[in-house]
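Visitor: The listed protein sequences derive, respectively, from chains L and H. Positions 1 to 147 (our numbering) are the ones given, in order, by the first sequence. Positions 1001 to 1047 (our numbering) are the ones given, in order, by the second sequence.
Treat each hint with caution, since some may be false.
Rough simulated footprint, nothing fancy, chain H against chain L, three-plus residues with beta-carbon under 8 Å [unchecked claim]:
(1) 10-17
(2) 46-53
(3) 59-73
Derived by calculation from the structure, the hints in this document are not laboratory data. We put the beta carbon where it would ideally sit given N, CA and C, even for glycine.
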Amino acid sequence: MARIVADADVLAADLLVGGPSREALDLPRTHDWLALLASDPLLEDAEAVIADLAGEALAASWRERIADLAVPVEHPEGDHPALASAMHGDARHVLSLDPDLGSVGAGVAIRREANVETSVRPPDAFVRLFDPASVYEAVFGEPYPPG
Amino acid sequence: MTWTELFERAGDHDVTEDEVRDALARRREPDAAGESGTAGEPGADDG
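With the rest of the complex left out, here is chain H (with noise of 0.2 Å):
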């Protein structure tokens, strides 16, 4: 499939950036698992 084919089965979705902004912010939430070290984790102390 043509990149041109692409966009004219994509253009059928009515998507705005803020949606795709929204979407990404989502699935990168902070809770996905595997998030390597950072300064700055919230804090876990178990007891």
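Bound-form chain L, shown alone (with noise of 0.2 Å):
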């Protein structure tokens, strides 16, 4: 199965805003074989960035919808939550708002500590790069099924 993080600020982003993130998170949403991975820290993140800004009954809601879609990751208390469940969910694409996180130097060391080809992009580089029949080839060995 394919892995991909969003971020706190992507899936609050998806939420709220839609545009790229909303498009990237489609992916999973619609693709049962690419899956969204979210560690219960990186989950509260984006729960109290939505309750900061849209109120804590629509935080609620959307903490229980994003649990039938998130598959649950573990990580050490205190890391980073969204390069972390990447870290150790084996999750190759991490999707993120910041452009800090996203820089090249922030790849390399990403990459050198977690020994992972883990990429962090925004959402909207993801989404232009993601083919999923491309994807669901090299994941299942196998071509796409047809839509």
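Two chains, two separate frames, one set of hints: put the complex together.
Guide: In structure tokens form, the structure reads like this:
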């Protein structure tokens, strides 16, 4: 199964802003072989951002809904929630709105630390690059099933 | 509640990506408790 992580800003923007963050998260919503990994701290951060900007009721509803979509992953307390979710869940892609997290230097540090090929990208870049057929064939070794 | 219903409810709030980014930055500010040790911590020498 292909795995991605969306940082809390992307999770919140998916709900509150739409646009590229929603396009990106529509991918795991519509392709059941694409897993969205998220630790509890990551979901708590997103829930807190949603509550801050749009109220606790909406945040609580979102938290209930995301529980059906996100695949849980655990990591040590205090680690960066998105990066640690990717490292411990073996995700190749981290989506983030933070330009510092997506910098070349940060990417090198993540790959060195985690010893995995994990890329950090803004959601619009991920959507442009993600080709479901290619990813499916690479992960499963068989042709992408016709839609 | 479906995603569609959630998005409809959320649409009442006029939020931008910048506001989301800023809200997360506030949430994860370094003075939050429990930050693990990393290189470059501010000096906290107690004499």
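Visitor: Hint by hint, which ones does the structure fall short of?
Guide: The structure conflicts with no hint, since it agrees with every one listed earlier.
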